[in-house]
Every structure is written in structure tokens, then in C-alpha cells.
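Please put together the full structure from these sequences, using the hints given.
Heads up: the sequence shown runs through residues 414 to 464, numbered per the numbering used here.
Do not rely on the hints blindly, as some may be mistaken.
Stated by the list, open to error - In silico lysine-lysine, DSSO-like type, Cα no more than 27 Å apart, as pairs:
#1 K418 with K451
#2 K418 with K455
#3 K418 with K464
#4 K464 with K451
#5 K447 with K418
Stated by the list, open to error - Between beta-carbon pairs, the in silico distance windows are:
#6 S459 with R429: 29 to 35 Å
#7 R429 with R463: 30 to 36 Å
#8 V457 with E432: 26 to 32 Å
#9 N461 with F427: 25 to 31 Å
#10 L446 with Q415: 16 to 22 Å
#11 K464 with S444: 27 to 33 Å
#12 I414 with A440: 14 to 20 Å
#13 G424 with E454: 29 to 35 Å
#14 F427 with K464: 15 to 21 Å
#15 L431 with V457: 19 to 25 Å
#16 G424 with N461: 19 to 25 Å
#17 A440 with K464: 14 to 20 Å
#18 E462 with R429: 34 to 40 Å
#19 G425 with A456: 29 to 35 Å
Rather than coming from a laboratory, the hints here were simulated on the basis of the structure. C-beta: ideal position from N, C-alpha, C; glycine also.
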Amino acid sequence: IQEAKLGLNNGGDFERGLEGYMRLNVACPRSVLKQAMKQLEKAVNSRNERK
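Following this line, the structure appears as C-alpha cells:
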């Protein structure tokens, strides 16, 4: 999440039993959401390549 430079919320803050999950606020313009997904994909791919 830090590498992707995204702000997510802890799932447990919203519902019991969702600790360990992260929530992404999608109440934003589609263009912003698309960019966020690209950033997340890049960070995940980068992390997988280092393994």
C-alpha cells in the first residue's frame, strides 16, 4: 500500500471480522479509480518480482 502510494482503510474499522482486510474508497471519478488500480497493480507486480 505504501509502495502504491494509496490510502486504504482497515476493514475491521467498518465491520467486526474483517480485520486483516483493507477497504478502498471508490467514491471518486472513474479516472482516479483507474489510476489507483494501475498503481496497486504495479506495486503488487514489483513485490512479486522481488520474491
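Structure-based check of each hint:
{"no.": "1", "hint": "K418 with K451", "result": "11 Å, holds"}
{"no.": "2", "hint": "K418 with K455", "result": "11 Å, holds"}
{"no.": "3", "hint": "K418 with K464", "result": "21 Å, holds"}
{"no.": "4", "hint": "K464 with K451", "result": "20 Å, holds"}
{"no.": "5", "hint": "K447 with K418", "result": "14 Å, holds"}
{"no.": "6", "hint": "S459 with R429: 29 to 35 Å", "result": "33 Å, holds"}
{"no.": "7", "hint": "R429 with R463: 30 to 36 Å", "result": "34 Å, holds"}
{"no.": "8", "hint": "V457 with E432: 26 to 32 Å", "result": "21 Å, violated"}
{"no.": "9", "hint": "N461 with F427: 25 to 31 Å", "result": "28 Å, holds"}
{"no.": "10", "hint": "L446 with Q415: 16 to 22 Å", "result": "19 Å, holds"}
{"no.": "11", "hint": "K464 with S444: 27 to 33 Å", "result": "32 Å, holds"}
{"no.": "12", "hint": "I414 with A440: 14 to 20 Å", "result": "18 Å, holds"}
{"no.": "13", "hint": "G424 with E454: 29 to 35 Å", "result": "20 Å, violated"}
{"no.": "14", "hint": "F427 with K464: 15 to 21 Å", "result": "30 Å, violated"}
{"no.": "15", "hint": "L431 with V457: 19 to 25 Å", "result": "20 Å, holds"}
{"no.": "16", "hint": "G424 with N461: 19 to 25 Å", "result": "23 Å, holds"}
{"no.": "17", "hint": "A440 with K464: 14 to 20 Å", "result": "34 Å, violated"}
{"no.": "18", "hint": "E462 with R429: 34 to 40 Å", "result": "36 Å, holds"}
{"no.": "19", "hint": "G425 with A456: 29 to 35 Å", "result": "22 Å, violated"}
Violation of the numbered hints given earlier is confined to hints 8, 13, 14, 17 and 19; the remaining hints are satisfied by the structure.
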